[in-house]
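All chains should be modelled from the sequences, with the hints used to inform the complete structure.
4 protein chains.
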Amino acid sequence: MIGAKRWAIADGYIPEGSHGPEPEMDSHGTVSILNTADEDVDVELTIYYADRDPAGPYEIAVGGERTKHVRFNDLEEPESVPRATPFAAVIEADGPIVCQHTRLDSRQAENALLSTMAHPGD
Amino acid sequence: MIGAKRWAIADGYIPEGSHGPEPEMDSHGTVSILNTADEDVDVELTIYYADRDPAGPYEIAVGGERTKHVRFNDLEEPESVPRATPFAAVIEADGPIVCQHTRLDSRQAENALLSTMAHPGD
Amino acid sequence: MIGAKRWAIADGYIPEGSHGPEPEMDSHGTVSILNTADEDVDVELTIYYADRDPAGPYEIAVGGERTKHVRFNDLEEPESVPRATPFAAVIEADGPIVCQHTRLDSRQAENALLSTMAHPGD
Amino acid sequence: MIGAKRWAIADGYIPEGSHGPEPEMDSHGTVSILNTADEDVDVELTIYYADRDPAGPYEIAVGGERTKHVRFNDLEEPESVPRATPFAAVIEADGPIVCQHTRLDSRQAENALLSTMAHPGD
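Protein chains in written order, with the numbering used here: chain A, 3 to 124; chain B, 3 to 124; chain C, 3 to 124; chain D, 3 to 124.
Bear in mind the hints are in silico, worked out from the structure with no lab data behind them.
Be aware that one or more of the hints could be misleading.
[Unchecked claim] Facing chain C, according to a computed beta carbon distance under 10 angstroms, are these residues of chain B, among others:
{"id": "1", "residue": "Leu77"}
{"id": "2", "residue": "Gln110"}
{"id": "3", "residue": "Ala111"}
{"id": "4", "residue": "Ala114"}
{"id": "5", "residue": "Thr118"}
[As the list claims (entries may be wrong)] The calculated label-pair distances, taken between Cβ atoms and stated as ranges, are:
{"id": "6", "chain 1": "B", "residue 1": "Glu24", "chain 2": "C", "residue 2": "Ala86", "range": "31 to 41 angstroms"}
{"id": "7", "chain 1": "C", "residue 1": "Ala111", "chain 2": "B", "residue 2": "Arg54", "range": "34 to 44 angstroms"}
{"id": "8", "chain 1": "C", "residue 1": "Glu24", "chain 2": "A", "residue 2": "Glu24", "range": "44 to 54 angstroms"}
{"id": "9", "chain 1": "B", "residue 1": "Glu81", "chain 2": "D", "residue 2": "Pro59", "range": "19 to 29 angstroms"}
{"id": "10", "chain 1": "C", "residue 1": "Pro80", "chain 2": "B", "residue 2": "Arg54", "range": "53 to 63 angstroms"}
{"id": "11", "chain 1": "B", "residue 1": "Glu41", "chain 2": "A", "residue 2": "Pro84", "range": "19 to 29 angstroms"}
We put the CB at the ideal spot given by N, CA and C, even for glycine.
Printed below as a string of structure tokens:
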């Protein structure tokens, strides 16, 4: 097993507008989660904003020895994540996971990408 | 709570020139700060240069359970950050925070992005 | 010597389709491995998927004081890595190594890049 | 002070060919170094290759409370770094520094960027 039970992302942002075929070229933000253990993990995601209380938890299940790449765009319960709005995220699991944060920005004709491992907690 | 009280960014740079609508497509550098604690944090940012003494501190307040995405372009007190000039930054807070560094470069017609979690101090 | 014996990447993905000359502008994902020790290291790579059991191990040898930049596109034994499919990876070695994950996406006319150091294990 | 005395980058690469005005849009790789201490630091950079012995050390001095953004393209002593050739790098200093690795790729008409903090040693 590898990873940590808590991870944080500070620069969340879903760009407004896209060029190119859906869904792969839609502007989006993603948290990719890897669970290398045999057992499933239950993951809770909390979204932090600049000027309102956090939203969540968003419940995500990741099977044993599986990865799940979750688009912030697709979160719906308890509420969707607004576009063109700065946010941050904390990911908490009941077992060790590894989290990476990626953004695809296709607001202009040619897409741009960024990615970073999230910051692991203690 | 998650994070550290000190963070560093080594590759700061605000590209000179932009394509696309303001302000979202302006070339810019950002430090995104997440404060997961209940209490506000006071953050001090120091900018390091290649050939002159550091500038700062820049004072930034981040509310409890809030994120703030700060563009280096917008810093004014005690002085603005010059464009097209290599710099670095240290971020210090009176409570644990998480910091991520992002750049959008729209000097050419289609923007490019980079991002990395900052380096946490002890 | 610098590094760790276990590393993880959560956001693996080989984009489908490319623009530009082969092989340098082919859409690809890479794990770059650095071995600073005098001795060779034997590396085992395991690929995790969203909805099936992991694949591997993929065996990679990296000489002493050498680096090897391995494209996921080129892995063949025990099986190739499918395109346009989310995956994750764990890299394990019998000595300390340093791992970085990079993607070049040339699905659109102008390529995009992302990169991050992988997450080191204990 | 913040940082470590040893850092590693696994995915070094200077793309061959460029579009746009020199020197800012030249395809390049950079290691950005921050020295937050009062005293100067002496930095030694070693370049690792896939199929030959390492090159270096490259000697770099970084003043107290200064940053230096060094392009791999500009290294000359003891030898230059070849283009379109995978490499890796280890950075060692006699005091704590912070290192970040960035690439600008302008082989195609619109540039792409990647960046990551380097991996700190013990």
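#### Entry: Indices of hints not satisfied (ascending)
Hints 1, 8, 9 contradicted; others consistent.
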